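Q: Single-letter residue listing:
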Amino acid sequence: MIGHNAGRDDGHDDFPELDALIEEAMNGILTKVETVFDPHERFADLVRRTVGPAQPPADRTDRLTDSAALTAVCDQIDSLAHFIVEATRAAGADPFPGSAFLEAARQPLRRLRAELAGRTATREQAEQILGQVEQNVTHADTILGGGLDDRLNQLIPGRVRSSGPISTQLPALKTAIARLYDDAHDTSVLAPSR
Amino acid sequence: VTRGARSPDRARQHDAGPGGDHNAPPEHAASASTDAASDRTVANVDFRTVFLTEYGKLVRYLITQGASPHEADDAVQAAFEQALPQWPVLTHPRAWLYRVAMRMFLNGEVRLRQRETPTDDVDSVDAATAEDDPLAYTVRQHLVMEAIQALPYNQRQVMGLLIAEFSPAEIAGLLGSTDKAVRQTLYRARITLNEHVKPAWKETS
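If you read the protein sequences in the order shown, they are chains A and B. Be aware that the first sequence starts at 7, since it is given in the working numbering, and climbs by one per residue. Be aware that the second sequence starts at 21, since it is given in the working numbering, and climbs by one per residue.
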């Protein structure tokens, strides 16, 4: 990495030991980054967002309604994620108590969306990831003494009016996901999209 | 960091070289129109390769520049999304991505915020679930990252790009500087890092 003879003008590298330390640390960080923000997962999500959901196979036309429902659930997740982004952005440089937990809910939300969009999550896995989202939101609410909805209403009143309070969005999402799996008549994994 | 692999930028056939116009339609735009299907296939494969190769490095780069992990992730996603429709005409896609991702972070939708650290106020809270530090650095990783983040802006920038495996010449092209100036900046950065990182690193052993 740092071996581009990037030291002095004469090209001599005076810091081999430092370079080794930086390389070791940065390699470890890269591994963690790629574990937390899985590039394959991100790529699948980008393709889905830009190209749209894949057409269901011809022999599974009975699942067409599932695809529509899946799209609707992904839209719900996008809306909730955007809601959180707006809230944390509105807080700006003066984050409110619990905002770290609220923001942290976005990561499992994204993962949930990617798993659903890729039809790779079992019902149990989807519920588990959604549980992580709920847990973070609950923590934020706890820190605010149960006043998360009120705080968000102060920060982003327009958004709360259009999307509803977060305390109702999450149960609605949970219900929609449960229905998705119920409708698929499949207790394990949603049918592969391709 | 492995340096043996060929940079995706360099792997592209019509690379105009560092310092060129990264956004101008390159000479191979004509071939894209004459053999659209073939080029599109090549471009798509190339995009995926670059995405999978660079995603983590881009996130890491933005973190070295002061972004939180989530901000970096957001900015990198946005940069790739912006790159996708114009991918076939980007002559230096890798350099373009680093520049755009950085701009997204600095000027765009994501801004460095004072992030709240969960405290002992809520005893029942499991700090791990907060993912305020989802990467959970080791002491040494934290030490190096903090030292880089504490560098002056220009030193931090060139150091981050060097770690991302850009050569000083490429960094100069990307930043509109000269190879000599980049090397001097890197030298100063390393002097500072050497003073701060090495002694502290030894203390952790």
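Calculated directly from the structure, the hints in this document are not laboratory data. Owing to the predicted nature of the structure, the values given are computational and were not obtained by experimental measurement. Careful, some of the hints might be misleading.
Stated by the list, open to error - The list that follows gives simulated cross-link-like pairs (lysine-lysine, DSSO-like), each with its CA atoms no further than 30 Å apart:
1. 218(B) - 38(A)
2. 218(B) - 200(B)
3. 38(A) - 222(B)
What the hints assert, rightly or not - Footprint (simulated), chain B over chain A, 3 or more residues, beta carbon under 8 Å:
4. 31-41
5. 175-188
In this text, a Cβ means the ideal position worked out from N, Cα and C, and glycines have one as well.
Q: So, against the hints stated earlier in the document, which numbers end up violated here?
A: 5
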